[in-house]
Amino acid sequence: MLEIALRAFLILIYATFVGFMFMGIIRIVTARIHRRVGPPIYQPILDTIKLLSKKSNITHGLIYDFGIIYALGATILALMFIPLGNISILRAYGDLILITFLLEIPMLGIMFAAMSSGNPWAGLGAQRALLTLLAIQVPLGFAIIALAQFYGTFSTYEIVMAQQAGGWSIFHLPLFLAAIAYDIVLQAMFGKEPFDIMIAPGEISLGPMVEFGGKHMGMLQIQHAIALFAETLFFANIFLGGGSILVLLIKQVAVLMIAIFIGAIFPRFTIDQAAKFYWKWPTIIAALGAILASL
Amino acid sequence: MVDWRLFEPLFNYARKKSLWIVAFCTGCGGIEMPPLMTSRYDLERFGMMPNPAPRMADLFLITGYVTPKTLKRIIITYELQPDPKYVLAHGSCPLNGGIYWDSYNAIKHLDRYIPVDVAIAGCMPRPEAVMDGIKKIMEMIENGTADGWKRYKENYEWYKKNQDELFGEGWREKEARRWIPWLKKK
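Sequence lines, in order, name chains A and B.
Numbered according to our numbering, the first sequence spans residues 1 to 295.
Numbered according to our numbering, the second sequence spans residues 1 to 186.
Chain A on its own, in the form it takes in the complex (with noise of 0.2 Å):
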């Protein structure tokens, strides 16, 4: 018992100091990309320190406070059931759709803190956080389709097992294409630049994050540490082969590196656009990836 508390604590220590490294590198490697020097890469932390350590804090209400928590809480749970290495706790219980469902409950507990601040800009920050989370679930579901009918199992565990025996899932067609459409859904579970509706700085002030400051701010932060190694970690397992753990944080360094230079060089999107977009062309490959993968 207190072995498991401890390995979850471990594992939780971990996954925040990387999730921050992680955030360091997106600042570094943009700041390169725009021929900048760019702010060092423990930079996230000292924004966490410096936004915990605020002497006045505003709250909006239980909900406003109870959201936060709620999005933390999501994350860290999510992060306990994706397998990682051989340290990971829950991993026998991992299913795909519970993960993927959980990874997404954190937008959820945002937005409840966003609405309930009253500001019109959390509003409809919240209102397009939502509509992405609409568009991007019919990609993502037939992406896991996809694995699922090939795997022929549900649980993460086994489908790392299974690709340790038969190769890494990528090279396999049709999961080929289901990584495609999950890459471009991870686009907007990370809120990169062409997804970026929801938060959108200078056209509607950071969206849902307009009304959140000092320690509510801090937790988000760490919030976003977490899910940004949570989300590439569930990537680098189901689809890159998974592995140790120093194997999996290049393999995660690299799904982030794809990110941010699809995130450095595209503007944009409107919400429609972006609805448009997920329901056409990723919606169509991972639709053939589910197709080629039950034939």
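Hints in this document: simulated from the structure, not taken from any laboratory.
This structure is a prediction, so every number in the text was calculated from the model and none was measured.
It is possible that some hints are incorrect.
To be verified - Calculated cross-link-like contacts (lysine-lysine; reagent style DSSO-like; alpha-carbon spacing at most 30 Å):
| # | chain 1 | residue 1 | chain 2 | residue 2 |
| --- | --- | --- | --- | --- |
| 1 | B | Lys108 | B | Lys174 |
| 2 | B | Lys108 | B | Lys153 |
| 3 | B | Lys135 | A | Lys55 |
| 4 | A | Lys215 | B | Lys150 |
| 5 | B | Lys72 | A | Lys215 |
| 6 | A | Lys215 | B | Lys160 |
| 7 | B | Lys72 | A | Lys55 |
| 8 | A | Lys55 | B | Lys153 |
| 9 | B | Lys174 | B | Lys150 |
| 10 | B | Lys136 | A | Lys55 |
| 11 | B | Lys153 | B | Lys72 |
| 12 | B | Lys150 | B | Lys69 |
| 13 | A | Lys215 | B | Lys153 |
| 14 | B | Lys72 | B | Lys135 |
| 15 | B | Lys161 | B | Lys72 |
| 16 | B | Lys136 | A | Lys215 |
| 17 | B | Lys160 | B | Lys136 |
| 18 | B | Lys160 | A | Lys55 |
| 19 | B | Lys161 | A | Lys55 |
| 20 | B | Lys150 | B | Lys161 |
To be verified - Label pairs and their computed distance ranges (CB to CB):
| # | chain 1 | residue 1 | chain 2 | residue 2 | range |
| --- | --- | --- | --- | --- | --- |
| 21 | B | Trp158 | A | Ile87 | 58 to 68 Å |
| 22 | B | Lys69 | A | Leu10 | 49 to 59 Å |
| 23 | A | His34 | B | Thr77 | 25 to 35 Å |
| 24 | B | Gly30 | A | Lys280 | 32 to 42 Å |
| 25 | A | Ser294 | B | Gly30 | 54 to 64 Å |
| 26 | A | Leu2 | B | Glu175 | 56 to 66 Å |
| 27 | A | Asp95 | B | Glu154 | 49 to 59 Å |
| 28 | B | Arg45 | A | Thr59 | 29 to 39 Å |
| 29 | A | Thr153 | B | Arg45 | 46 to 56 Å |
| 30 | B | Gly30 | A | Lys276 | 28 to 38 Å |
For every residue, glycine included, the Cβ atom is placed at its ideal position computed from N, Cα and C.
Given chain A's structure and the hints, the job is docking chain B onto it.
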């Protein structure tokens, strides 16, 4: 209970190294911000970011002259920011009016209405001068002398008296009624 004063040097270092700016530009100094933020001078080296939301911002740049109409927004935005917050005034206009010294519609002394931590002289200050001012405010944060937010709390009566003299009593409520739909009344 943890004694958080022990961590105060760490907090001050973090505050110094991660100043988020409110994207609120008044007057002509706003045009100095794009070269500062982009690849020419790149303020992100020091962890500074322009931030559209006042709730998570620390540094407020008053970039140029201030009219009474802008001052209302400045005061409201300043009060929205959470507590260790710093104000950096650009150019001579917020100091003494600058070339608008005899204008009926410009504020002559900004520090009568909100506390100013660092003022940069010049009309307009070049990006190098702004970076010098930012370096100064970083030093002041580290040794704890950037205490504008404390002064605003302690001398709130005085600041409020000056603001009310300019705008008339109850201007906040009137302003809020104009912009917030559910406060609107006949």
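Holds or violated: Lys153 (chain B) to Lys72 (chain B), with C-alpha atoms at most 30 Å apart: 18 Å, holds
Pair hint Lys72 (chain B) and Lys55 (chain A), alpha-carbon separation not exceeding 30 Å: Distance ~24 Å between Lys72 (chain B) and Lys55 (chain A) Cα, so the pair holds.
Proposed proximity, Lys150 (chain B) with Lys215 (chain A) (alpha carbon, max 30 Å): 20 Å, holds
Verdict for Thr153 (chain A), Arg45 (chain B) (Cβ pair) under range 46 to 56 Å: The hinted range 46 to 56 Å holds for Thr153 (chain A) and Arg45 (chain B), with Cβ atoms some 49 Å apart.
Restraint status (C-alpha distance of Lys72 (chain B) to Lys135 (chain B) at most 30 Å): OK: Lys72 (chain B) and Lys135 (chain B) at ~28 Å, within 30 Å.
Given hint Lys153 (chain B) paired with Lys55 (chain A) - CA-CA distance at most 30 Å: Judged against 30 Å, a Cα distance of about 13 Å means the pair holds.
His34 (chain A) versus Thr77 (chain B) beta-carbon gap, inside 25 to 35 Å or not: Check passed, 28 Å falls within 25 to 35 Å.
Range hint compliance [Cβ, Gly30 (chain B) to Lys280 (chain A), 32 to 42 Å]: Distance hint for Gly30 (chain B), Lys280 (chain A) holds at roughly 40 Å.
Pairwise beta carbon distance, Asp95 (chain A) to Glu154 (chain B), judged against the given window 49 to 59 Å: Since Asp95 (chain A) and Glu154 (chain B) have Cβ atoms about 58 Å apart, the given range 49 to 59 Å holds.
Range hint 49 to 59 Å (beta carbons of Lys69 (chain B) and Leu10 (chain A)) holds or violated: 56 Å, holds
Pairwise hint evaluation, Lys153 (chain B) against Lys108 (chain B), where the allowed Cα distance is 30 Å at most: 22 Å, holds
Restraint check for Lys108 (chain B) with Lys174 (chain B), where alpha carbons must lie at most 30 Å apart: Holds - the C-alpha atoms of Lys174 (chain B) and Lys108 (chain B) are around 24 Å apart, at most 30 Å.
When held up to the earlier numbered hints, the structure conflicts with none and fits them all.
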